[in-house]
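First to last, the protein sequences are chains Z and D. Numbering-wise, full-length UniProt numbering puts 298 at position 298 of the first sequence, and it's gapless, one number per residue. Numbering-wise, full-length UniProt numbering puts 413 at position 413 of the second sequence, and it's gapless, one number per residue.
Derived from the structure by calculation, the hints contain no laboratory data. Among these hints, one or two may not hold up.
[Claimed, not checked] List of simulated lysine-lysine pairs, DSBU-like, C-alpha gap at most 35 Å:
{"#": "1", "chain 1": "Z", "residue 1": "606", "chain 2": "D", "residue 2": "390"}
{"#": "2", "chain 1": "Z", "residue 1": "482", "chain 2": "D", "residue 2": "14"}
{"#": "3", "chain 1": "D", "residue 1": "515", "chain 2": "D", "residue 2": "632"}
{"#": "4", "chain 1": "Z", "residue 1": "606", "chain 2": "Z", "residue 2": "534"}
{"#": "5", "chain 1": "D", "residue 1": "390", "chain 2": "Z", "residue 2": "534"}
{"#": "6", "chain 1": "Z", "residue 1": "373", "chain 2": "Z", "residue 2": "302"}
{"#": "7", "chain 1": "Z", "residue 1": "125", "chain 2": "Z", "residue 2": "325"}
{"#": "8", "chain 1": "D", "residue 1": "638", "chain 2": "D", "residue 2": "555"}
{"#": "9", "chain 1": "D", "residue 1": "385", "chain 2": "Z", "residue 2": "568"}
{"#": "10", "chain 1": "Z", "residue 1": "568", "chain 2": "D", "residue 2": "390"}
{"#": "11", "chain 1": "D", "residue 1": "392", "chain 2": "Z", "residue 2": "606"}
{"#": "12", "chain 1": "D", "residue 1": "336", "chain 2": "Z", "residue 2": "373"}
{"#": "13", "chain 1": "D", "residue 1": "515", "chain 2": "Z", "residue 2": "411"}
{"#": "14", "chain 1": "Z", "residue 1": "534", "chain 2": "D", "residue 2": "240"}
{"#": "15", "chain 1": "D", "residue 1": "543", "chain 2": "D", "residue 2": "575"}
{"#": "16", "chain 1": "D", "residue 1": "456", "chain 2": "Z", "residue 2": "606"}
{"#": "17", "chain 1": "D", "residue 1": "543", "chain 2": "D", "residue 2": "555"}
{"#": "18", "chain 1": "Z", "residue 1": "606", "chain 2": "D", "residue 2": "336"}
{"#": "19", "chain 1": "D", "residue 1": "187", "chain 2": "D", "residue 2": "138"}
{"#": "20", "chain 1": "D", "residue 1": "456", "chain 2": "Z", "residue 2": "534"}
{"#": "21", "chain 1": "D", "residue 1": "392", "chain 2": "Z", "residue 2": "568"}
{"#": "22", "chain 1": "D", "residue 1": "456", "chain 2": "Z", "residue 2": "568"}
{"#": "23", "chain 1": "D", "residue 1": "336", "chain 2": "Z", "residue 2": "561"}
{"#": "24", "chain 1": "D", "residue 1": "390", "chain 2": "D", "residue 2": "314"}
{"#": "25", "chain 1": "D", "residue 1": "385", "chain 2": "Z", "residue 2": "561"}
{"#": "26", "chain 1": "Z", "residue 1": "411", "chain 2": "D", "residue 2": "385"}
{"#": "27", "chain 1": "D", "residue 1": "96", "chain 2": "Z", "residue 2": "561"}
{"#": "28", "chain 1": "Z", "residue 1": "482", "chain 2": "D", "residue 2": "138"}
{"#": "29", "chain 1": "Z", "residue 1": "373", "chain 2": "D", "residue 2": "546"}
{"#": "30", "chain 1": "D", "residue 1": "456", "chain 2": "Z", "residue 2": "561"}
{"#": "31", "chain 1": "D", "residue 1": "314", "chain 2": "Z", "residue 2": "369"}
{"#": "32", "chain 1": "D", "residue 1": "543", "chain 2": "Z", "residue 2": "534"}
{"#": "33", "chain 1": "Z", "residue 1": "561", "chain 2": "D", "residue 2": "390"}
{"#": "34", "chain 1": "D", "residue 1": "515", "chain 2": "D", "residue 2": "575"}
{"#": "35", "chain 1": "D", "residue 1": "546", "chain 2": "D", "residue 2": "587"}
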Amino acid sequence: MLETLLPILIFTALALAAIGAVRRIRLWRQGRPSPVNLFKGLAALPRRYLVDLHHVIGRDKMISNTHVATAGGFVAAAVLMILVHGLGIANPLLGGLLLLASASMFVGSLFVARRRINPPKRLSKGPWMRLPKSLMAFSIGVFLITLPTVGLLPEGLLEGGGSWLLALVLAGVVAWGLGEMFFGMTWGGPMKHAFAGALHLAFHRRAERFSTKKGGVGRSTGLKALNLEDEAAPLGVEKPADFTWNQLLGFDACVQCGRCEAVCPAFAAGQPLNPKKLIQDMVVGMAGGSDAAYAGSPYPGKPVGEHAGAPHAPIVAPVVMKEGKALVDADTLWSCTTCRACVEECPMMIEHVDAIVDMRRHLTLERGKTPNKGAEVLDNLIATDNPGGFDPSSRLNWAADLNLPLMAVLKQVDVLLWLGDGAFDMRNQRTLRALVKVLRAAEVDFAVLGTEERDSGDVARRLGDEATFQSLAKRNIATLAKYRFLQIVTCDPHSFHVLGNEYGELGGVYDVRHHSTFIAELFDAGRLTFTPWKGGRVTYHDPCYLGRYNGEYEAPRNVLKALGIEVKEMERSGFRSRCCGGGGGAPITDIPGERRIPDMRMNDVKESGAEVVAVGCPQCTAMLEGVVDASAEVRDIAELVADALVESPAADTSRRPTATTMAEEVIV
Amino acid sequence: MAFDAIFEPIEIGKLTIRNRVVSTAHAEVHATDGGMTTERYVRYYEEKAKGGCGLCICGGSSVVSIDSPQGWWSSVNLSTDRIIPHFQNLADAVHKHGGKIMIQITHMGRRSRWDGFDWSTLLSPSGIREPVHRSTCKTIEEEDIWRIVGDFAQAARRAKEGGLDGVELSAVHQHLIDQFWSPRVNKREDEWGGSFENRMRFGMEVLKAVRAEVGDDFCVGMRICGDEFHPDGLSHDDMKQIAAYYDATGIVDFFGVIGSGCDTHNTLANVIPNMSYPPEPFLHLAAGIKEVVNVPVIHAQNIKDPNQAQRILKGGYVDLVGMTRAHIADPHLIAKIKMGQIDQIKQCVGANYCIDRQYQGLDVLCIQNAATSREYMGLPHIIEKTEGAKRKIVVVGGGPGGMEAARVAAERGHDVTLFEAADALGGQITIAAQAPQRDQIAGITRWFQLELARLKVDLRLGTRADEATLLDLRPDIVVLATGGQPFLSQHPEWGYSENAEESLVVSTWDILSGKVAPGKNVLIYDAICEFSGVSAADFLADKGAKVEIVTDDIKPGAAVGGTTFPTYYRSLYEKEVIMTSDLMLHKVYREGDGLVAVLENEYTGALEERVVDQVVVENGVRPDEALYYALKEQSRNKGQVDLEALYAIQPQPCLVDESGEEGEGFLLFRLGDCTAPRNTHAAIYDALRICKDF
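Turn these sequences into a full structure, and let the hints steer you where they fit.
See below:
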């Protein structure tokens, strides 16, 4: 009986799966076009899956092994089952392999089940709770129906008169398994992640973020430029269908593991953002409906079930809409610090930050709804080329006594020192002065643009004002094009990122270095000598735009090591560093939460027992120094280096008549 | 940006100044060594540059000519080429930190003394005597004029060759240039006096000669007053005319403007406004000059606070603010603004200890900052943390000495407890601040309060420390700064008793602190003639009492400095306080409801009586030594301070014993008035030099 039933079951499931796939693909194709090379993408899939994805999943060995056993077992079992039971190729070898595969899947599913006994908060419940049972049903069912194939059970056992009941039960189990695994995969069950996830990997919008066989690390963190010339293209994303099709596909790949939720600083601060929920909302939006079925942690302070959307309906309710609610509230989008912790953790390689900025672009460019100080900052940028609205001619005021060499005079130098908007900030001016002191001590041939420099456009871009970003970027690129230099050095990771990763698309390609990288190189080249560190314990805070955005975790630590400092690492450091709360314009949009992100970060510092937290970002410095009753002092790496400099006395006297000025700071 | 106006650079001539804050010219009185700048001088200005000051104009009243006596205030001597290498040291020290430095140059004319050094014949346009210095002078001759014009030019050349950034010609404070300007002093009828152009001629010749000598790439400015405040002197309109006249030459790079002439005691007090003045009292005069000139204007006078400076600059009244006493109190003022440590700025309180010492020919020191001008000795403005053991330090007494001791010990990283019997910190400062116009002296305490809180010193206020309490804390070091008590028991005839009911006299502390209610008809006997007596008189008169203040010294308030006694006198005369000198308090006795004070003339012995209802005696302070003697024998060092180490700013040897180890038991030091009654600066200096090595 089973011999008849099984092929029917299998091919029915496959057929339904195929119908579901078509329907699912149609949902994705509501999105805007985004050209991809289908064959190349599919060819790259195995490597992307086995190397890049498992690089992320491998951070949790238990889950990684569980997934290998379960998913590997399933894929093998599914193929073999089609051959053995679907097409009736009752080869004992294939049967044996099928037994092995289903056994492996069963073992894996036991671990999946165990994880679901007392699941961590970040995991979504709902249908995901039945998944381990379905996995077991499939694996046990397939295992049992295959036993006769290899002769471990008499062929006729299930053929006998009274055994039809047993066969029926077995068929039911297999049907359940097939239903979850094949039908559910394309009709929106938990297994959807395998289908969408695989295609997402193949057709990822950022092919360049994957490693290459030649040893390329793979990193793609710069935002994609909007084509402002194309009048047909929407300015950002208003409705789900405004995303590109492969972005929609990406959302669908989400496994709701909640790793993003666990690392999101805004979520931890009780601000109304949960990256997982946001992605799920996009899934709801592309299919149409309400978020009532969502079975994970909500946006803090926003109960589930009150929001709904449709592919062609606005994601954020325009003010005119009654109830004021659509798919997502604006404050959710403005809570993001763009720290990329979610993207870094996502095993499905979903690009949350891209999506958020896409939606912000619409709110800012089409609706003018940048909240709180946002509009003022953007106005300032438009009027003065800096977010603080300072007189542009005062950008070099802090250095009036330093006689900084100007690009306008020298035209050609080794290093162009990019000041950033920290040049207007009294705290960051100390860092800049320290950096100048270090460059001079190492006799670096450098110059600054001075008042020719403009804001890099980072804040404008992350607040969604792509037009202002591009205007600033193009003018900066034009200025830089007038001069010759080998590299740009900056103490601002945001400028570093934008100049290095985002100007390229607009025609500005530069070798940009963070000052910690540059100082590490100077030290390695023997151009700097330090007195040994005598201060207290030091920890290091990785700026998001240096670490996660640009992969620079080592240079700052090497500099600290060169100073004789043994870094007491915080629990969350390196690629898992917790954001200071200062990125993405978050301090400007200032969405209230239950606590402040920098307070949490300074608490991390406190727990490390450090008396000094070394930083490498003006924004981090400002945020962390703003913490009341902090237990540690915040010092930029440049300051620590400048303090430890051993100046050669010979150099001192040679300078004499003109007495090159040093930073006057008296460090109290 | 909160202080953007302060931190906007400015061009003066061809010189870029990094911010708008200037330490204006004042006599440092430690240029010594024949007018050659010394290590002390260099380190004093280097500290300001290191602290971020934009421009220092050094050498108030530095002389250009041999007959303008240099020695009285040890000013810088630019009449010889010997000064050039000294200037090079000074310029390098300031430039190294990004600061700029100029010097004020002058011929003081009649405003000096002739009775010393070279016994110079002083000069002035019409030979009229100067009252403040009691100096007579000769009427200047044409030959002198041209010699001095040449001397100015040579002095400017020396400043330039020495690497300084500019010179400021002093035409203020009634020096020779403004002696020519002022019709009050210039009565000449030749081409150097009379008409406006004639009175301007000397200054113009000086300016032209200086500019011709130094060329265009060297700053030349003028310091002028905004109004002499004399009916027969130069008015504000006159000064505007003068400023515009010189500005029109196009060869003046800046004007420094201050309010008030200063050739009388009363006008002199305006020039360096003490704590009785409002903030920036004469800004309007400088703003008036700014209206008529095309070059930057500097103004200094009671600008002490960064917010005030920002407000003045933002308002556009002047281009640069002088914060000179503010820098004497805290040479790191600018750095602290930049570091966001505004609360840590030691703000000038206008006690004028600095300038009042200067007018006595003493080196300029700060009442509350003992490190200022002692940088060369190694006294630090920033106390480094100790690399040695963390000690338990107990300080007794919350007056200036005790507060400084606690601050310094805490900055060293020690565990510090401070006991103060009163409910608040301050000691005698708290009492002094009760007098009318003297409340700002409490700023000294306020700074310490903030610092001690920041440094987490364990403050035990309202707690009188006894031997047992102290030793219970198992201190490594005990510092006694218990001060003293008014010394009323010296003469039994005064009828002082510890029982307040029976005592016939009360102290100025009793009056100022409010412990004793003011009488209606009060005699103050002031044997000391410093602040307490006149403060009590002012306080009582302010409460409506009829007051006579009597002293056996030459006059009441005789020991109060030259920029401070005039403001007391203004107030006392206005309130009809009678000031009587040359009488000693012989005896006090009760008669009916009242008191009779018997006074004895110092010179004739004649007795006279006053019938009053209250007798207040100011007879100084007697040290409070009880706790010291209770602890002395138990201490490791028997309470002794090693004087050689103290004066040489070296660590007290007992801090480490011969073996290099710390011994058993505690060390005991006492400082301030509980050793011998002196003043606030003495107590703070004691505390700093003893505690800096803890």
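Outcome of the hint check:
1. Z/606 / D/390: holds, 22 Å
2. Z/482 / D/14: holds, 29 Å
3. D/515 / D/632: With a Cα-Cα distance of about 32 Å, the restraint between residue 515 of chain D and residue 632 of chain D holds, given a limit of 35 Å.
4. Z/606 / Z/534: holds, 20 Å
5. D/390 / Z/534: With a Cα-Cα distance of about 16 Å, the restraint between residue 390 of chain D and residue 534 of chain Z holds, given a limit of 35 Å.
6. Z/373 / Z/302: The hint holds at about 24 Å.
7. Z/125 / Z/325: holds, 25 Å
8. D/638 / D/555: violated, 42 Å
9. D/385 / Z/568: holds, 22 Å
10. Z/568 / D/390: holds, 24 Å
11. D/392 / Z/606: holds, 26 Å
12. D/336 / Z/373: Distance of about 29 Å is within 35 Å: holds.
13. D/515 / Z/411: Not OK: residue 515 of chain D and residue 411 of chain Z at ~75 Å, beyond 35 Å, violated.
14. Z/534 / D/240: violated, 58 Å
15. D/543 / D/575: Cα-Cα ~10 Å, so holds.
16. D/456 / Z/606: With a Cα-Cα distance of about 19 Å, the restraint between residue 456 of chain D and residue 606 of chain Z holds, given a limit of 35 Å.
17. D/543 / D/555: holds, 23 Å
18. Z/606 / D/336: Since the Cα atoms of residue 606 of chain Z and residue 336 of chain D sit roughly 26 Å apart, the hinted pair holds (cutoff 35 Å).
19. D/187 / D/138: Roughly 13 Å between the alpha carbons, so the hint for residue 187 of chain D and residue 138 of chain D holds.
20. D/456 / Z/534: holds, 23 Å
21. D/392 / Z/568: Since the Cα atoms of residue 392 of chain D and residue 568 of chain Z sit roughly 29 Å apart, the hinted pair holds (cutoff 35 Å).
22. D/456 / Z/568: holds, 26 Å
23. D/336 / Z/561: holds, 30 Å
24. D/390 / D/314: violated, 47 Å
25. D/385 / Z/561: holds, 23 Å
26. Z/411 / D/385: violated, 46 Å
27. D/96 / Z/561: holds, 30 Å
28. Z/482 / D/138: violated, 68 Å
29. Z/373 / D/546: With Cα atoms ~63 Å apart, residue 373 of chain Z and residue 546 of chain D exceed 35 Å; violated.
30. D/456 / Z/561: holds, 32 Å
31. D/314 / Z/369: holds, 34 Å
32. D/543 / Z/534: Roughly 59 Å between the alpha carbons, so the hint for residue 543 of chain D and residue 534 of chain Z is violated.
33. Z/561 / D/390: holds, 28 Å
34. D/515 / D/575: Since the Cα atoms of residue 515 of chain D and residue 575 of chain D sit roughly 23 Å apart, the hinted pair holds (cutoff 35 Å).
35. D/546 / D/587: At roughly 20 Å apart (the allowed maximum being 35 Å), residue 587 of chain D and residue 546 of chain D satisfy the hint.
Violated hints, listed in ascending order, are 8, 13, 14, 24, 26, 28, 29 and 32; each of the other numbered hints is respected by the structure.
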